[in-house]
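> Residue numbers (our numbering), protein chains in the order written: chain R, 1 to 460; chain C, 1 to 460; chain L, 1 to 460; chain H, 1 to 460.
These are calculated hints, taken from the structure and not from any lab test. Note that the structure is predicted; figures quoted are calculated from it, not measured. Heads up, the beta-carbon is just placed ideally off N, CA and C, and yes, glycines get one too.
Lysine to any residue pairs mimicking SDA-like chemistry, simulated, CA-CA at most 25 angstroms apart:
hint : chain 1 : residue 1 : chain 2 : residue 2
1    : C       : K90       : R       : A400
2    : H       : K212      : L       : A422
3    : R       : K456      : C       : V196
4    : L       : K212      : H       : C451
5    : R       : K212      : R       : L44
6    : H       : K456      : H       : A188
7    : H       : K90       : L       : T393
8    : C       : K401      : C       : E427
9    : R       : K90       : R       : V61
10   : H       : K401      : C       : G354
11   : C       : K456      : R       : L191
12   : L       : K90       : H       : E396
13   : H       : K401      : C       : V357
14   : L       : K456      : L       : A137
15   : C       : K401      : H       : A364
16   : C       : K145      : C       : R459
17   : R       : K212      : C       : A446
18   : R       : K401      : L       : A361
19   : H       : K212      : L       : L431
20   : H       : K212      : L       : R447
21   : R       : K401      : R       : R420
22   : C       : K145      : C       : L133
23   : C       : K212      : R       : R384
Output of the computed footprint for chain H on chain L, the stretches with three or more beta carbons under 8 angstroms from beta carbons of chain H:
hint : segment
24   : 173-182
25   : 206-214
26   : 248-259
27   : 295-305
28   : 311-318
There are 4 protein chains.
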Amino acid sequence: LLSPFHYNRPVTLTLTFADEPIAAALDDASLLAAMARFEAALALASARAGVLPIEDAQVIVRVSDVAHFDAAALARQARNAGTLAIPFVKALTAQVAASSPSAARWVHFGATSQDTIDTALVLCVQPAGRRLLELVARLGDSAAKLTREYAATPMAARTLLQPAAPISFGWKAAVWLSLVADAYAPFAASLEGMRVLQLGGPVGTLAAFGDKAEAVTRLLAEELRLRAVPIAWHGARGGIARLGVEAAILVGAAAKIARDVALLMQAEVAEAFEPGGAGRGGSSSLPHKRNPALSLLALEAAQRAPQLAATLLAELAPEHERGLAQWQSQFFTLRDLLGACGSGLAAMAEALEGLRVDPVAMLANLERTQGLVFSEALANRLSRTLGKPRAHTLVESLCAKAVRETRHLREVFMDNEEARGAVPDDERARLFDYAAQLGDAPRAVARVLACWEAVKAARS
Amino acid sequence: LLSPFHYNRPVTLTLTFADEPIAAALDDASLLAAMARFEAALALASARAGVLPIEDAQVIVRVSDVAHFDAAALARQARNAGTLAIPFVKALTAQVAASSPSAARWVHFGATSQDTIDTALVLCVQPAGRRLLELVARLGDSAAKLTREYAATPMAARTLLQPAAPISFGWKAAVWLSLVADAYAPFAASLEGMRVLQLGGPVGTLAAFGDKAEAVTRLLAEELRLRAVPIAWHGARGGIARLGVEAAILVGAAAKIARDVALLMQAEVAEAFEPGGAGRGGSSSLPHKRNPALSLLALEAAQRAPQLAATLLAELAPEHERGLAQWQSQFFTLRDLLGACGSGLAAMAEALEGLRVDPVAMLANLERTQGLVFSEALANRLSRTLGKPRAHTLVESLCAKAVRETRHLREVFMDNEEARGAVPDDERARLFDYAAQLGDAPRAVARVLACWEAVKAARS
Amino acid sequence: LLSPFHYNRPVTLTLTFADEPIAAALDDASLLAAMARFEAALALASARAGVLPIEDAQVIVRVSDVAHFDAAALARQARNAGTLAIPFVKALTAQVAASSPSAARWVHFGATSQDTIDTALVLCVQPAGRRLLELVARLGDSAAKLTREYAATPMAARTLLQPAAPISFGWKAAVWLSLVADAYAPFAASLEGMRVLQLGGPVGTLAAFGDKAEAVTRLLAEELRLRAVPIAWHGARGGIARLGVEAAILVGAAAKIARDVALLMQAEVAEAFEPGGAGRGGSSSLPHKRNPALSLLALEAAQRAPQLAATLLAELAPEHERGLAQWQSQFFTLRDLLGACGSGLAAMAEALEGLRVDPVAMLANLERTQGLVFSEALANRLSRTLGKPRAHTLVESLCAKAVRETRHLREVFMDNEEARGAVPDDERARLFDYAAQLGDAPRAVARVLACWEAVKAARS
Amino acid sequence: LLSPFHYNRPVTLTLTFADEPIAAALDDASLLAAMARFEAALALASARAGVLPIEDAQVIVRVSDVAHFDAAALARQARNAGTLAIPFVKALTAQVAASSPSAARWVHFGATSQDTIDTALVLCVQPAGRRLLELVARLGDSAAKLTREYAATPMAARTLLQPAAPISFGWKAAVWLSLVADAYAPFAASLEGMRVLQLGGPVGTLAAFGDKAEAVTRLLAEELRLRAVPIAWHGARGGIARLGVEAAILVGAAAKIARDVALLMQAEVAEAFEPGGAGRGGSSSLPHKRNPALSLLALEAAQRAPQLAATLLAELAPEHERGLAQWQSQFFTLRDLLGACGSGLAAMAEALEGLRVDPVAMLANLERTQGLVFSEALANRLSRTLGKPRAHTLVESLCAKAVRETRHLREVFMDNEEARGAVPDDERARLFDYAAQLGDAPRAVARVLACWEAVKAARS
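Take these sequences, add in the hints, and give me the full structure.
Shown next, in the form of structure tokens:
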């Protein structure tokens, strides 16, 4: 793909963290190739509709396939022109003219710069979006596997960064899975929503095609496997914004998982670990370090994605028929955003696929709370007998005592007559049993897994 | 609605520009009322599921209906507690206890602060969202009316803020309508997506309810007319973000229309005017001024909406089971965002409903271009005979001559032998006829109107 | 202050988390009072400059001091007018007219709505900003105290959320202090930069005052203790943006400290704790919980501040002499932003002033790394003898062995001939001594403390 | 500069719109060269401080000068490592080792990845920032020239996009100049604020250097012409954020000017025009079009800059000693932001230097208002006699009559007995004289020009 294009001012590292296939779908070469593909298909569709001679169209198609572009020169001229499309069309026309001056008359006929750049954006975004959906599926499947595998593995829930009550690690993974399951269809819909041809000509009315406008539009859409829409979307940028935003929501899902993994991987917690492996997570100066390098990628993506999405949301009100400063750079904003999305999703799919889970550490951390994670259960049980205010006060004092004396809450409870007396003998053990305190978790796990199966069924 | 609540530090003007019904749905009183409604319904559902005595639940319901809250005191205590829900539950419990110490044991039983605040958010957002959909429908209908009425009224398209080629004002309004039509269903879906109960208890597992958790959830959802979801969404904030973002896209649609109206209303353009009326658009110092005061509201909303949406997108990765600094203030962010949305939509619905259109001025501005708006048509026609490069160069020189000599392009064309000779006699008039240069516009208008009818049919 | 104003649609809770004095400086009552103060001072200055009779000015001053406003009605009318200032001036004029129709002629004379609203913004922001500086000073002083007190208390540094090498807690606090020290002067400068009068009249030229314009401006600035600037800043919003951004940077400083405190306060780390106290950090359902409720406030502020600042940055390009949709709502954006700033700073000042530090836990966590925190020191020392590649590889294997066998790195090192042989006897102990591995930390601590003293000296 | 580096996945077009010198300062090659320069200077400074043999340092310097890097391979490995610095140091070390295994031991000695990447950021940003200051100076000088030249050229002020009262074009340019003058020093200060060495080693304490840490730091800072700071800023990102924000404020200044120029250039207004010239502002399909292609660039930059700045503001709270997901990509965010800044400033400097101003059109547009621009002057004059309420009402009716009857306000005024009678004969002409209605404008112009001279004097 890359060979036909020449560059001399590369900015490779911008996509440093991007997933390879997405970077490939969105890099400069792919953008220029998509622009060329649009011009070729436009000529072909126009010829089929009777607008221009089929021989000329064939020349345009042939030259577009092998055209060479000097990206640095295009960038320079784009600065003068205000859009990449103007120097691009000029360069393509010159190459067509070298083969056939007659065909060169018809390059870009009836179209406007924005038709070229918007449709090229669409053509690049489709494979990138499909790759993102694959990554989402991988991420979901790996979360589902953890959900099933650890459904009965007790660990401490943490709220506001403090241990709260017992959950299972499978249930925690089910929350992760729910994020992925909820985001899949909306992203897929926003991607399908952007599988649309842009063709309006200079002001959106396709005036150059006269009564052949509908035919050209239909044939071009078919040729590019895009949908035709009721009216040109030169000034209607909601679809791009929605796609960008759904990508930012996917980044958020990856980052939520990454946040949890990085926190669990802290040496003092040590309940779960990203997979290591060649060059992964090492330090340039600390030989022993094992950094959460995959979570890092997802969290890094999440630092940029909301603002990149906001840029697209801030570009929804272009002036009149075609605006002054919006469509001209949206491809680049979307490239950064989808690149970040691929980076985060690929990283967390890999992280969950190879996640090393330590149930022993999970249990040990639970135990280290000295039974305080049972305080809610105890308070609820005592409430039934003593009323909530008294129960809450009593449990608070029991907890304080347990902390002060470094004893388990169960012992402190058993020592306290009022408390012990409020709970029948046969209920006491259950109050301090992790498995008995998971509440609705097993059913929730089953519901989320079923939901994920439904998402997967719907997409195939 | 307001009467039961007391305040002493009002910040009324924050919602200065918000549409009244939306402000009412989202103001402090409504939030506190929704929180009380959640606690009442929770008690009732729990009683029906056998968790607590029905008599106690009835007391909670009765007291919640008439409870009084000191918002300023709650705000002060919320700062200590890190969430509004903690002092709220305390205040409600105290009022229930005054009626029945027994019932007071059960207030908020099994729930966590976030259950209260998230479900209250949902309950407030639903009527606000329905009001937004009404405004969208009004905006769409008014755009549809303009589309039909002015489908054959020629005006100049403007691209990059410069006159380009002829369009009709109806076609321009059809673009506005397409924005509204495209945004309706996604917003409605995001609103339905947020018609969900939040009930998880302290860590999300509903442990306090034991095997009655599913029943309580189902009964509570029914009572509040919300959907139950597979798993608590304490850490899954995508739905809130998506709703906020769709609101920002609606703001964008209103702002796009506002941008165009404000530009058309410039004294030097003077093609369309917002309705005036009592106190609308006047100036504090310039008696003659008629400001685009409605467009102002939509554009003001659009300055804030993208960033408010970005805040929600930046809050997608809370820590572990319940995060440290996201859900605590999302209601306030969403309130500002939906308030802005209502402000913009209501303003532009009113603007389009009363829009004064001046077809004579539109035509006059077209004529002032001295036929330059026909340059593309001419260039395209000449391309067929002379090839694009020659045609483009020739037309550029004709345009320059027309400008230099302040003559109409048609005359300059007729004076130029090469140009005139390239177009048969019977085609020449058509080249300079506005109606003949609308291309696909009439069909596009029909397609967009049909699309809007389909949107309206789907919602009823 | 509040008494003269009436309200009936309060939105109190918007500033739920704001520091009280800042909320007071920026609430609706303060805004309306500042607008009244502007109008009174304008009348007085104009009278002194000979523009209007001093008796009329005195009436305006007197009435402005005791004027009543119905904020809800103003909000409704502001929606019609596009700015709060128009209905405000109308309401004030009516009250002046009730005292003196003659004086009423001169209310707001020569000014425009934006003069009133911008100068009122300035008048409200100044005390809010001074309060923020007090909070910054408190935060800095408390960080300085910790810096001094714990300069020799060893703890593990953590990079990428993993234990790295030893530092002292005082050094860590010095980094916190450096954030505060670096942000103080820029914020103070941005506040002083906004101590500016806005007075331009309808288009900025003060035409109504003729050759008395400079005198009116000078006298008004003196009266309000503001600076006069070379030209009206109706269209120049950089100063507001800069103030907002510096507030966001202060929020960032508070949030950085909060992030660290919340992480240190995790039960599994347990090295430092926010102060508890009445109602602080408790849970609505978990009696034992002690949440990082102060850090929560700073982190919550940091979720909103960057986007609020971005809104101000997005409003830097208003149209022509006075824009359509920027100045109209900037007070409200700045109110939210400064409110967030006060919330975060006050919280972290309180947190650091009462911070409970556990040096024993810090040491224990260091020890739990089994000497791995010395791996860099060891690798560096071995590099000198064995070369970096070999040293790095060797240390990696020693670390792996220590982990595998749950032994201290020192022992593993002593068992390994190559490693041990590469370090002379008398240097070995030093390699595993926390105090010996603090590098430049003691000097850095001294430098930062000196820097903070210099900041404090400069401000007094 | 570029020759030593090899690439195979270029993303050239990301900086499509950036000013060439800034793109050159910030492109991949410059970043890698700056990283190499840091490593070379670190070795040299360390040797001078006695940490390593000077011969080894000299090898490192020599190899760094000619080192080759495969950017695509680095990008791939950076994804694994979580930072570009790790594979970079590895690649450099390998090249040094090929010359001297002994020297290779010392590459990057004592430093951490973030030292390399942060200092390289600083080294790249300094020349980029100086270029930006040159562009600001050019923009200011061109605005100053317009200010002087057109100080007495009357035109209509426009507020809320409607004609208001007369101003001069020179006064309008003085407002532009004030933006530039106000932003110069803060940007320069933020740039100087970032002329700082980053050197802390793995955790910030420079432990590897022992008591030579201060010496190494001082010598390295001297070598790189940077300042040493009291403590490592690994976790203190305020300086980067402030620089980014000041760049966004500069973008705002350029965009404000661009907004006005693009609006003045509308065909229906036609008061000022960007310079044309080769390939500048043409259309791909409309031969007659002259687009505001320079203003486009500034406005495009302003769509992205606030959000890029917000990303930096959102990255102020990294975890502990070195964070998980902030510093790793800030160079790329800053590159986009400074690139946008250079694009906008260079465009508007060029636009103002070649601006074609049409005083005749300005006067004609004033005249087209039929004297309504004098309504404030008239109302103010009548207020003095009739009181403001009566005056305002009367002038409103005179304006309405003028509009209705398409007559000049002066004539309508002269026909109205009440109005005419309220103004002495000798004052009437002055009321309708543009030059007499400029108020304080001439003095404001002088003040702003003096202010700009002071800015220029301060910087030299």
